[in-house]
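Residue numbers (my numbering), protein chains in the order written: chain A, 1 to 337; chain B, 1 to 337; chain C, 1 to 337; chain D, 1 to 337.
Simulated from the structure, these hints should not be mistaken for lab results. Predicted, not measured: the structure shown is a model, and the values here were computed from it. Every residue, glycine too, gets a C-beta built ideally from N, C-alpha and C. One or more hints might be untrue.
[As the list claims (entries may be wrong)] If you want the ones that stay clear, here's a sample from chain C, every Cβ over 12 Å from chain D, calculated:
no.	residue
1	10
2	77
3	81
4	82
5	93
6	118
7	145
8	160
9	168
10	190
11	192
12	196
13	321
[Claimed, not checked] With a Cα cut of at most 20 Å, we get these calculated SDA-like pairs of lysine to any residue:
no.	chain 1	residue 1	chain 2	residue 2
14	C	195	D	42
15	D	6	B	259
16	B	6	D	63
17	C	315	D	46
18	A	106	A	157
19	B	215	B	67
20	A	215	A	261
21	B	276	B	301
22	B	6	D	53
23	A	70	C	6
24	C	276	B	259
25	B	6	D	70
26	A	195	B	143
27	A	70	B	140
28	D	276	C	60
29	B	215	C	275
30	D	70	D	42
31	B	70	B	47
32	B	70	B	260
33	C	276	D	59
34	B	276	B	328
35	B	6	D	107
36	C	215	C	226
37	C	276	D	64
38	B	315	A	54
39	D	155	D	107
40	B	328	C	195
Protein chains: 4
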Amino acid sequence: MIIVFKPEASEQDIEHLVDRLRSLGLRSQISRGEERIVVGVIGDERVLQGQPLSVFPGVESVTPILAPWKMVSREFQKQDSVIDIGGVQVGGNRVVVMAGPCAVEKLEITVGIAQSVARSGARILRGGAYKPRTSPYSFQGLGQEGLEFLTAARKETGLPVVSEILDARDLGYFLEHADVIQIGARNMQNFELLKEVGSYDKPVLLKRGLSATIKEFLLSAEYIMSRGNQNVMLCERGIRTFESHYRNTLDLTAIPALQELTHLPVIVDPSHATGKWNLVAPMAKAAVAAGADGLLIEVHSDPECALCDGEESLKPSRFHDLMLDLQKVARAVGRDM
Amino acid sequence: MIIVFKPEASEQDIEHLVDRLRSLGLRSQISRGEERIVVGVIGDERVLQGQPLSVFPGVESVTPILAPWKMVSREFQKQDSVIDIGGVQVGGNRVVVMAGPCAVEKLEITVGIAQSVARSGARILRGGAYKPRTSPYSFQGLGQEGLEFLTAARKETGLPVVSEILDARDLGYFLEHADVIQIGARNMQNFELLKEVGSYDKPVLLKRGLSATIKEFLLSAEYIMSRGNQNVMLCERGIRTFESHYRNTLDLTAIPALQELTHLPVIVDPSHATGKWNLVAPMAKAAVAAGADGLLIEVHSDPECALCDGEESLKPSRFHDLMLDLQKVARAVGRDM
Amino acid sequence: MIIVFKPEASEQDIEHLVDRLRSLGLRSQISRGEERIVVGVIGDERVLQGQPLSVFPGVESVTPILAPWKMVSREFQKQDSVIDIGGVQVGGNRVVVMAGPCAVEKLEITVGIAQSVARSGARILRGGAYKPRTSPYSFQGLGQEGLEFLTAARKETGLPVVSEILDARDLGYFLEHADVIQIGARNMQNFELLKEVGSYDKPVLLKRGLSATIKEFLLSAEYIMSRGNQNVMLCERGIRTFESHYRNTLDLTAIPALQELTHLPVIVDPSHATGKWNLVAPMAKAAVAAGADGLLIEVHSDPECALCDGEESLKPSRFHDLMLDLQKVARAVGRDM
Amino acid sequence: MIIVFKPEASEQDIEHLVDRLRSLGLRSQISRGEERIVVGVIGDERVLQGQPLSVFPGVESVTPILAPWKMVSREFQKQDSVIDIGGVQVGGNRVVVMAGPCAVEKLEITVGIAQSVARSGARILRGGAYKPRTSPYSFQGLGQEGLEFLTAARKETGLPVVSEILDARDLGYFLEHADVIQIGARNMQNFELLKEVGSYDKPVLLKRGLSATIKEFLLSAEYIMSRGNQNVMLCERGIRTFESHYRNTLDLTAIPALQELTHLPVIVDPSHATGKWNLVAPMAKAAVAAGADGLLIEVHSDPECALCDGEESLKPSRFHDLMLDLQKVARAVGRDM
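Go ahead and model the full structure; you've got the sequences and the hints to work with.
Structure representation (structure tokens):
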């Protein structure tokens with residue numbers, strides 16, 4: 001931690017702060033420059049997290065030196081984490097595609113889509129049983145029945161299942177049916193839910209909040225890991241900006257930036273990010289070219305009648321073509337698919 | 001709903017859409033302009049919510065005519081809602097100040113701050129027992145013990161208590177101790193929690209999400225009201241923008257904009273919005289001048305040692321001076337305080 | 001400047017940087033903490049502006065200690081700047097209202113509006129002769145003729161005139177006709193124009209760019225002041241955010257934040273910020289309550305027929321009522337009007 | 001244009017608006033739905049641009065049906081525009097890389113970098129002679145001398161030159177030396193400059209403003225084209241968002257979105273977008289995978305000593321490796337390079 005004092009700060013102000021640091025077990029190094037006095041904190045600055053040093057008299061600014069996270073960081077673990085999901089490895093050289101309907105609607109439709117995406121090369125089935133909808137008057141998902149349909153689709157296809165959880169109270173049933181627990185963008189800072197899923201070892205797909213910084217994103221992953229669950233995947237799915245021509249702005253720069261900071265795999269969801277099916281393919285290719293470890297793509301056999309997010313769903317034939325294109329891009333950047 | 005077709009759309013495309021509308025019980029009015037064909041939907045367009053009309057062949061754009069909410073709207077209820085909180089009316093002519101510490105820490109400190117803010121004219125005590133913290137390594141709140149301290153402070157001062165809930169599983173205990181349930185910014189779209197608090201009639205203070213639009217904010221309030229709870233207050237607390245000189249950007253334009261759209265009271269939290277104690281007073285005055293029905297202000301007797309958000313907490317003497325200033329501003333805009 | 005090294009940085013990396021600093025005339029203080037080595041730069045860190053220290057091998061982060069501006073800062077000049085505009089003082093205790101049409105259209109309309117706003121208490125006349133319009137097919141302003149109409153209105157009313165300049169080539173004619181040169185939001189970083197107006201002593205009203213940070217805003221003012229023109233007023237006029245229910249988000253927190261950092265007067269334009277006439281009055285009152293030194297308000301005698309921004313223009317009678325209300329708010333916060 | 005009336009609007013309100021439309025030469029179609037009365041405008045709605053219909057009594061909302069631009073649109077010209085720059089075609093199947101230093105500094109360095117990027121496969125040389133710098137105390141570019149160095153580099157390498165112009169008064173000299181006029185992000189809405197470059201036929205590289213919407217971006221291109229210059233290239237270079245871990249957020253979704261709306265080529269600048277050299281390569285690959293027609297990349301032989309943006313400059317050897325990788329990605333998406 002570096003603390004800069006205002007030019008008008010008194011010696012007493014500096015002593016007052018140094019005393020406080022000492023009482024917290026930290027030492028100080030005072031540096032008197034030409035225009036400012038600067039105090040460097042020596043010791044574990046993490047004990048200062050949440051300490052309001054900026055309100056101390058005379059303080060102009062406070063700058064941390066260390067990142068506020070630990071277990072998620074590359075410094076803590078040099079090599080990439082590889083997460084095993086029912087035999088499918090995420091985080092290795094192979095780019096993994098997770099595909100399926102936004103919401104689970106009917107048994108046959110779910111199984112049909114699962115079979116179709118499996119044939120095209122998807123390795124994991126996605127599907128929502130609990131749906132967080134902006135309006136209370138929109139379809140809210142089938143709940144437990146939806147999970148059962150997904151289980152049936154897994155039985156038919158062998159694809160492990162990723163599905164979103166909204167409420168810690170559903171976790172028991174959920175753990176029996178899903179292979180990956182998805183924490184949606186709206187729940188990225190639902191800390192009670194993070195703590196809860198952190199106490200199991202079931203893989204977690206953590207989506208970045210709509211306006212979450214890279215820092216907040218990693219701290220939410222740290223919530224899960226610090227409770228013991230090391231199987232965390234990060235998912236960029238578009239952030240909120242001023243641009244309204246597409247639903248969100250897909251932040252692909254987050255891929256290499258995260259890969260520098262953390263050892264966790266980075267997945268990209270071009271479907272929710274763009275909100276328009278015809279933008280999904282170019283963004284999926286871009287994500288792979290930028291180094292994504294996986295993709296989450298919505299596929300529906302009848303988008304016109306989908307109960308949720310039909311606008312962004314690919315028809316199976318379009319998904320099939322996209323998978324062929326993605327293999328070429330993956331190969332071009334030295335990855336398998 | 002107004003559906004515009006692309007210039008290259010065929011008659012078949014138009015028929016296909018009109019058929020779909022008919023199957024949903026809606027009629028269509030087709031208008032052939034010089035450059036575009038436009039279909040107007042006649043009937044209750046709310047049945048179209050979530051229908052992906054934009055994926056229908058030939059469709060260029062889809063524009064709703066009606067707001068997606070109902071119970072929160074001025075159209076539904078012309079007169080202002082006035083919420084009664086243990087005898088304190090929020091939403092009437094009187095501007096109500098809710099003040100107290102960010103986090104409840106110790107019994108004596110809590111009671112002391114409560115007595116102090118009561119003397120200065122605050123009508124409701126705020127204090128956090130469950131704290132949503134960005135980092136897992138920050139103080140997470142006292143939980144049930146915190147609620148008990150707040151209850152003790154209420155007994156001493158007569159001030160009703162507003163406190164934040166993070167987890168529906170805590171609601172039982174919570175309802176016995178708090179007079180207002182606060183839903184924090186991070187939980188504005190925790191729809192399961194909204195549904196849950198919607199099933200009681202305990203007043204709810206719903207904070208706007210960090211990047212929530214006015215529309216999403218009102219739809220979250222609609223979640224609560226549509227479950228039966230009519231006692232909802234909206235709270236603007238700063239939105240996330242590119243500006244990082246202050247924690248968030250306080251969006252005061254939301255006050256008159258919301259008051260045009262909804263009958264619910266609008267509260268402003270200048271403390272969390274700015275994140276700096278010296279910006280709280282001017283923003284509190286601005287909020288009252290813009291027409292806010294209430295304020296939520298953090299006060300701490302020893303900000304340097306506060307376990308949470310000491311940076312933005314006012315000392316009791318500064319809060320006292322601010323209350324005197326706020327009374328003048330309230331009077332200048334025709335409000336009591 | 002504080003330079004933090006990565007844990008894996010070598011002694012050679014540190015020497016390499018220290019050498020570079022030395023060659024720039026700066027000394028270094030090396031501090032070896034438990035987890036990081038930190039180098040503090042001693043000397044005038046402004047010589048480091050634009051130096052890409054972060055690309056030096058082993059460097060993890062670079063944090064400046066001093067603000068990058070000089071003449072605009074409170075540190076450089078403690079007391080508030082007061083700008084004289086034809087006898088009207090901006091920056092003193094009196095809140096100054098500048099009002100008039102968005103665009104100058106016809107002589108009689110311009111004079112009529114000027115007389116009306118003068119009667120209501122406005123002290124400066126605003127009006128656009130050169131209009132920066134998003135679309136090339138929108139009305140682009142009357143140019144020189146518009147400036148002549150403004151001059152005629154000044155003759156009739158005695159109100160000094162503020163008008164926007166778009167092109168340095170118009171400056172000669174402009175200086176003869178306008179009392180204040182307005183630099184619009186879109187030109188806040190048109191540095192050639194800033195340098196040009198900086199070489200006169202005509203007062204400048206510098207509007208904040210749509211997505212300009214406080215830091216960039218002050219550096220643009222520094223461009224003007226560093227060329228010799230000390231008569232700069234800053235104008236907050238709304239920033240671009242994700243919220244689209246109003247045109248921009250008026251950032252009133254910028255008022256006290258700027259007043260802490262700089263001695264220059266701060267003006268607020270609630271008309272362009274909101275883009276809706278019915279939101280102008282509450283935001284104008286809020287701006288005064290937050291400490292604004294002046295307001296810029298659009299008034300038009302026939303908004304339905306205005307050639308520019310009729311949506312946000314107040315009718316003269318509404319402006320008159322607003323001025324009465326503003327006087328009360330100004331008095332409540334200890335200001336004259 | 002679709003105009004929706006409030007439920008409380010009177011017949012007189014509707015007549016008043018219809019009269020106004022008639023006086024502008026437009027016909028109206030009135031549709032009386034169950035909850036709202038809607039007026040559709042028949043005729044060329046472009047005459048309504050800038051008309052403040054929303055202030056007419058009783059009006060609830062106004063929605064345009066047509067895009068506000070004309071010449072830039074796909075509807076106006078179906079096939080892709082291909083711009084010829086001294087024999088290099090931009091907008092065809094071949095992805096064109098423009099590379100060089102951020103700022104031109106010295107003759108030998110400029111020529112050396114030009115030779116190096118030419119060898120690696122760049123087809124156009126970029127280099128700044130006039131530099132728009134946030135701070136007045138940063139290096140402002142060499143001006144005319146810089147243009148001469150670029151001309152010398154062109155003579156040595158045969159590479160056409162793209163350079164930024166800041167001031168219309170420099171245009172004469174500029175036209176003699178540069179092959180492409182770059183309009184920087186800060187000048188995207190410097191409409192006088194757009195009009196000026198629109199009156200020549202020299203190719204223009206128009207960069208997207210930091211917070212410009214797709215709509216504003218296209219309207220700025222329309223400014224240039226409506227003056228006669230058809231040789232416009234669009235350049236995405238990152239937008240401003242809340243995320244500050246990288247300089248800007250590169251909005252790659254703009255590539256397919258623009259290609260749907262316009263026939264103009266789309267270039268991407270990953271260097272300015274990210275501001276960090278180690279993020280440039282993944283983002284360059286992602287841009288090509290997403291369908292970009294070209295790239296603008298900063299290369300410097302000695303980034304540590306670069307006078308501008310050394311942080312984001314690639315060393316020649318890294319640029320060389322990147323070009324090899326880009327060729328693979330281009331081929332994977334069916335493009336040449």
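To see whether the hints hold, each was checked on the structure:
1. 10: holds, 16 Å
2. 77: The claim holds: residue 77(C) sits with its nearest Cβ about 17 Å from chain D, beyond 12 Å.
3. 81: holds, 18 Å
4. 82: Label holds. Min Cβ-Cβ 24 Å, cutoff 12 Å.
5. 93: holds, 31 Å
6. 118: holds, 24 Å
7. 145: Residue 145(C) clear of chain D: closest Cβ-Cβ about 17 Å, beyond 12 Å.
8. 160: holds, 25 Å
9. 168: violated, 7 Å
10. 190: With a cut-off of 12 Å, residue 190(C) comes too close to chain D, as the shortest Cβ separation is near 6 Å.
11. 192: violated, 4 Å
12. 196: violated, 9 Å
13. 321: holds, 17 Å
14. 195(C) <-> 42(D): violated, 48 Å
15. 6(D) <-> 259(B): holds, 16 Å
16. 6(B) <-> 63(D): Holds: residue 6(B) and residue 63(D) sit about 16 Å apart, inside 20 Å.
17. 315(C) <-> 46(D): It is violated: about 26 Å lies between the C-alpha atoms, which goes past 20 Å.
18. 106(A) <-> 157(A): Roughly 16 Å separates the two Cα atoms, so the pair holds.
19. 215(B) <-> 67(B): Given that 20 Å is the threshold and the Cα spacing comes to 9 Å, the pair holds.
20. 215(A) <-> 261(A): Given pair residue 215(A), residue 261(A) holds - Cα atoms ~10 Å apart, limit 20 Å.
21. 276(B) <-> 301(B): holds, 16 Å
22. 6(B) <-> 53(D): violated, 25 Å
23. 70(A) <-> 6(C): holds, 15 Å
24. 276(C) <-> 259(B): Measuring from Cα to Cα gives roughly 14 Å; hence the hint holds.
25. 6(B) <-> 70(D): Holds - the C-alpha atoms of residue 70(D) and residue 6(B) are around 15 Å apart, at most 20 Å.
26. 195(A) <-> 143(B): holds, 15 Å
27. 70(A) <-> 140(B): Holds: residue 70(A) and residue 140(B) sit about 18 Å apart, inside 20 Å.
28. 276(D) <-> 60(C): holds, 12 Å
29. 215(B) <-> 275(C): holds, 18 Å
30. 70(D) <-> 42(D): Holds, because 18 Å separates the two Cα atoms, which is no more than 20 Å.
31. 70(B) <-> 47(B): OK: residue 70(B) and residue 47(B) at ~13 Å, within 20 Å.
32. 70(B) <-> 260(B): holds, 14 Å
33. 276(C) <-> 59(D): holds, 13 Å
34. 276(B) <-> 328(B): Cα-Cα ~23 Å, so violated.
35. 6(B) <-> 107(D): Roughly 53 Å between the alpha carbons, so the hint for residue 6(B) and residue 107(D) is violated.
36. 215(C) <-> 226(C): holds, 16 Å
37. 276(C) <-> 64(D): The given pair, whose Cα atoms are some 18 Å apart, holds under the 20 Å limit.
38. 315(B) <-> 54(A): Holds, at about 15 Å.
39. 155(D) <-> 107(D): holds, 12 Å
40. 328(B) <-> 195(C): Between residue 328(B) and residue 195(C) the Cα gap is close to 44 Å, so the pair fails against 20 Å, i.e. violated.
Hint violations for this structure: numbers 9, 10, 11, 12, 14, 17, 22, 34, 35, 40, all remaining hints satisfied.
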